[in-house]
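Protein chains in written order, with this note's numbering: chain E, 1 to 244; chain V, 245 to 688.
Where hints are given, some of them may not hold.
What the hints assert, rightly or not - If you want a taste of the chain E side facing chain V, the calculated C-beta under 10 angstroms gives, among others: (1) Leu31; (2) Ala56; (3) Gln82; (4) Met84; (5) Gly88; (6) Leu94.
As the list claims (entries may be wrong) - These stretches of chain V come out as covered by chain E in the derived footprint (C-beta under 8 angstroms, 3 or more residues): (7) 328–341; (8) 349–360; (9) 378–387; (10) 391–405; (11) 419–426.
What the hints assert, rightly or not - Over 10 angstroms on every C-beta distance to chain E, these chain V residues come out as not near it, computed from the model: (12) Tyr560; (13) Cys567; (14) Trp583; (15) Leu591; (16) Thr599.
Treat the hints as calculated values from the structure; they're not laboratory data.
Glycine included, each C-beta is placed from N, C-alpha and C at the ideal position.
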Amino acid sequence: MMSSGVILLPGLVAAVATAVPLAVVNWHSVLFLLFAAVACACAVAVVLADNVVRMAFYLVLSLASTAGLFFLAGAEFVGAMQLMIYVGGTLVLLVFGVMLTAQAPFVAIKTSAGDRVLAGMVGAALLAVLLQAAFRVESWRRPAMAAVAAPAATPIGMALLGVRVDEPAAGVPAAAVRSGYLLPFEIVSVHLLVVLVGAAYLARAKRRRTPRSIDVAASSVGPVVTAREAARSSASALVSGGGR
Amino acid sequence: MADLLINQLINVVNKLIGRVGLSWLLRVPELPDWLAWSVTAVVTAVLILNVIAGGALVFIWAERKIAARIQDRLGPTRTGGRFGWLQSLADGIKLLAKEDLMPEGADGMLFKLAPYVSFCASFCAFIALPFAFDFVGQRLNVGVFFVVAVLGLEVFGVILAGYASASKWSLFGAMREAAQVVSYEVPLGMCVVVPVMLSGSMDLVTIAEKQSGWISNWYLFHDPFTFVIFWVYVTCAVASVNRAPFDLAEAESELVAGFHTEYSGLRWSFFFMAEYGSMFLVSALAALLFLGGWNGPIPLATLLGLSEGTGDTANYFVRLIGCGNLILKSTLGVLLMMWVRWTLPRLRIDQVMTTCLKYCTPIAAAMFAGAMLWQLAFPGGVVRGLSRPAGEIREGWLEGPGGISAGRGLFEAKPRVVPNGSETPVGQKVNPTVESPVIVKVGS
């Protein structure tokens, strides 16, 4: 009884597999469409939501779906980067968003009509550029698992150290690609170091002789300054300090 | 003698498998692509879920017993016999039956989703975690990087929970946890980089394989710097999963219960499954990076004669031994965290930040530089005379006629064999004709 069931099972599975038309569907296309749909829907939801934390939540979903697309394409390093930098970065953004805006619970952000028009124009311009680029591609192929023998991060790492170990594309002179990315890598790392030192300088505990921005705001507005005004100016000082 | 015995045993098991009619388990029939994918995905997901949920049951029981013993009590003694084995199960049933409450002013959607976000992050990290040479949900070329990146996302659920609960305690707890986790990711990343540097790969399987052989091949004993940085990793790992003495996010003396103050029932238990899953995960990562992964203190499989040519079943047994080895090491890591939790007092938030920024980060940076210089000066580690160099001893499942390279299709058909001392192969030619019926791995 047991063994006959066990023997029947693979046959049954195979029969179902041949009968169901799903077998002709490109499985990668399904996953691709799934990830792409989630990414697009969540991106729209970011725009439509009016709560800053919900926005961040949708943004994280959208970015994570994009990471899924990268993994689907076999670009594991880029996918992990997407998770680390964009999704993790949104996390920090969220923390600051909550800390700076959550005086009252669930503060709603209302977008003005002018902002909507402006954002729409910028978005439409970007869409036009992207569509033009997309339609310029000569031959589209269906999404498929990338045929990479050994998707390794080593070529990227070696290229960042100034050694190219991968084969140059056909038609490109070998000398043009052999130099690697050492110079840009060093420039970026020095830039980041400067940013770190700057952030530490701005955030250090210090006593100022110059009046604080809250006092400047108070003196410019006059004696009748509401607590709301003071809070707003200090918040803006915080934002500009954090953004640097 | 031992070889003969083992071979007899293997023959018996092979016959047994053939008689019961389970031989199809070892030989997967030709399935269409989409079905093979789905079956593989479901099997892997269910196995990982069992590791997390079953692990949580065992660990919660162990935590109660250990806490009790450290505090000179007995802990659970009645449910399910003398040692209270079934206490976790009883707790689980109680949690299922509990009323599911949501605060009046809460953000309903986020409040309901937050536990699942935490759990998903913990679950996703397990996908890239190898349990034995090819007992891995998805072998990723950048496994370490992926696991660390996803592990950092678990805090997202905590922040959502803290914010959506509309409670001051929850929000305070969530903010503390966010600040803590974001800070501790820096030294944690530095610690993780050292084994990556020594092995020349971010692939967790490769890193563990490079430490095969005797205990002296473990990266923990590679040089003095790796020995120190392992303990920095332990500190940062405990902090990044929010365990005492770093559990400020749920400091009950100040914040009631922190971010999960308003949660009850099944949602609350999801947070705890995520927490215990993450504890297991960082312990397994420590085992893979520093403690040889599935390669034991002694090369058990090689000593037993389970090497080349002993066949599929032998290979499977060897992997099971390795899997048990890794789980044992990870469990020991979790038990260590419990011991620490019930022994040390909780730190203040400024002490937590000081530990991270003034101690862990500089020590990790210095040890990283030291390990780099050591590798330049004495390539190959510190105890070269005592053992064969890392990467030379194989546990027998990599090469050989009966090994994995023969290709059976049940697991990965073509592993990346890392020869002694050489780099990860780069610039290989694309070979699209090689296909296995069950594609477990993306593009490898």
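Verification of the supplied hints:
1. Leu31: Since chain V brings a Cβ to about 9 angstroms from Leu31 of chain E, closer than 10 angstroms, the hint holds.
2. Ala56: Ala56 of chain E check passes; min Cβ-Cβ to chain V is 9 angstroms, inside 10 angstroms.
3. Gln82: Gln82 of chain E check passes; min Cβ-Cβ to chain V is 9 angstroms, inside 10 angstroms.
4. Met84: holds (4 angstroms)
5. Gly88: The hint holds - Gly88 of chain E has a Cβ within 10 angstroms of chain V, the shortest such distance being about 5 angstroms.
6. Leu94: holds (6 angstroms)
7. 328–341: With 0 residues closer than 8 angstroms to chain E, the region 328–341 of chain V misses the three-residue bar; violated.
8. 349–360: It holds, with 5 qualifying residues against the three required.
9. 378–387: holds (count 3)
10. 391–405: holds (count 9)
11. 419–426: Holds: 4 residues of the region 419–426 of chain V have a Cβ under 8 angstroms from chain E.
12. Tyr560: holds (18 angstroms)
13. Cys567: holds (24 angstroms)
14. Trp583: holds (31 angstroms)
15. Leu591: Given that every Cβ of chain E is farther than 10 angstroms from that of Leu591 of chain V, nearest at about 21 angstroms, it holds.
16. Thr599: holds (18 angstroms)
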